[in-house]
Amino acid sequence: MNPDSEGVFFLTGKDFTNAGAASSNLKGILENKGVPQSIVRRACIAAFEAEMNLIIYAVAGMMRYYITTDMIKVVLQDMGPGIADIELAMKEGYSTAPDYIREMGFGSGMGLPNIKKNADKMSINSVAGEGTTLEFVIYLDQNANRNS
Amino acid sequence: MTLYEIKGILNARILARKDDMNVDIGRAYCADLMSDVLAFSITSSLLITGLTNTQVIRTAEVADIKAIVFVQNKRPDIETIALADGKKIPLLVTDFSMFDTCGKLYERGLRSRSGDTDF
Amino acid sequence: MKLRDLIENLSLEVKTPGANLDREVTGGYVSDLLSDVLGNAHEGFVWITLQVHLNVVAVASLKGLSGIILVNSRTPGEDTLKKALAEKIPIMTTPLPTFELVGRLYALGLRCR
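The listed protein sequences correspond, in order, to chains A, B and C.
If you read the first sequence in my numbering, its first letter stands for residue 1, the second for the next number, and so on.
If you read the second sequence in my numbering, its first letter stands for residue 1001, the second for the next number, and so on.
If you read the third sequence in my numbering, its first letter stands for residue 2001, the second for the next number, and so on.
Honestly, the hints are just simulated from the structure, not real lab data.
Ideal Cβ positions, reconstructed from N, Cα and C, are used throughout, including at glycine.
Treat the hints with care, since some could be wrong.
[Said to hold, decoys possible] In silico DSS-like pairs for lysine-lysine, Cα to Cα no more than 25 Å straight-line: (1) C:K2015 with C:K2088; (2) C:K2082 with C:K2015; (3) A:K91 with B:K1018; (4) A:K33 with A:K91; (5) A:K14 with A:K116; (6) B:K1074 with A:K116; (7) A:K33 with C:K2002; (8) B:K1088 with B:K1018; (9) B:K1104 with C:K2002; (10) B:K1074 with A:K117; (11) B:K1007 with B:K1088; (12) C:K2002 with C:K2015; (13) C:K2082 with A:K14; (14) A:K91 with A:K14; (15) A:K117 with A:K91; (16) B:K1087 with B:K1074; (17) B:K1018 with B:K1087; (18) C:K2002 with C:K2082.
[Unchecked claim] Restraint ranges, calculated between C-beta atoms of paired labels, are given here: (19) C:E2013 with B:Q1055: 45 to 53 Å; (20) A:T17 with B:D1024: 42 to 50 Å; (21) C:N2072 with A:A60: 32 to 40 Å; (22) B:R1113 with A:T69: 54 to 62 Å; (23) A:M62 with C:G2109: 44 to 52 Å; (24) B:K1074 with A:E103: 14 to 22 Å; (25) C:K2082 with A:M62: 23 to 31 Å.
[Stated by the list, open to error] Counterexamples of contact, computed for chain A against chain C with all Cβ distances above 10 Å: (26) F16; (27) T17; (28) G34; (29) P36; (30) I39; (31) T68; (32) A84; (33) D85; (34) M90; (35) K91; (36) D99; (37) K121; (38) M122; (39) S123; (40) G129.
Turn these sequences into a full structure, and let the hints guide you.
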């Protein structure tokens, strides 16, 4: 892959003040590149949900983005604690969020499903005790490449 | 208005206590967060919510909530329904969103506070 | 209907000076769960919530919502307001509880579809 643009944001766990900043920055970057609004929206909603998941559950991590003429790819990697059961985590409504997180309006168990809904491709790998890598792709040419 | 009328307005299905549809409802309150449900400012009313856990049922009992409507087709599990049935709390579910559910009931005269026709 | 009309009709207090109130409101969404809004709200909807932390602004911005109405006289924090001004998201408040506010928005013709 030969990205025209790539970059990285470093994310700190439980840093709610800055939560969402990375996705917000990504939005600006995509808009500056002239990416169509509908794609920007999908990419940034997925990025936001992924970013919030990392901040809520992980110790720390990073969000890397790659922009080519064909696609936007975002990869989030964290340093743990990892997801015990990914299949369960992907289920709508399933959440391991503590109460204070739920009271902020997070942790309703829709984050991963929302990412899947907005992305053309998504993959998630995790080793309990070590960390999680989540990757999603959105194609710029929606007619050619969209998976059904 | 009665639960029967509410069921009609919301095209709702009954999940528990189907023989209690004649229960009269004077007020309605909507809440999405547990802390809101626990606020106890919602006594003797209809609770409109998307929260489907057993905690909601237990709170309903303590707060003297008369019935619960789940919005957006959100369904509690069998244990939760059984708990409500045992505690004599009718449960309804509607496909309408929280917004439209509140809108429709308000349109037919239901309010959060009894005795007020308008704020 | 424009945001301005809603504000006038319901005596909402605008907390973001200089915000664009001529935005067309296409419907309403009530939820205190952010992923719910991210998943289900439509562009141009006005969002009714009691959440006051700054992530509500990010969500409203990401979804292209026309504004945020805080119920029960909740007030946005300083950082929330700052972000709202920067992202050009109007924030309004009302003393009404959710049920009443939504009822009146519905009476004005707004829907969640």
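(message) Which constraints among the numbered hints does this structure fail? Numbers only, ascending.
(response) 3, 4, 7, 19, 26, 27
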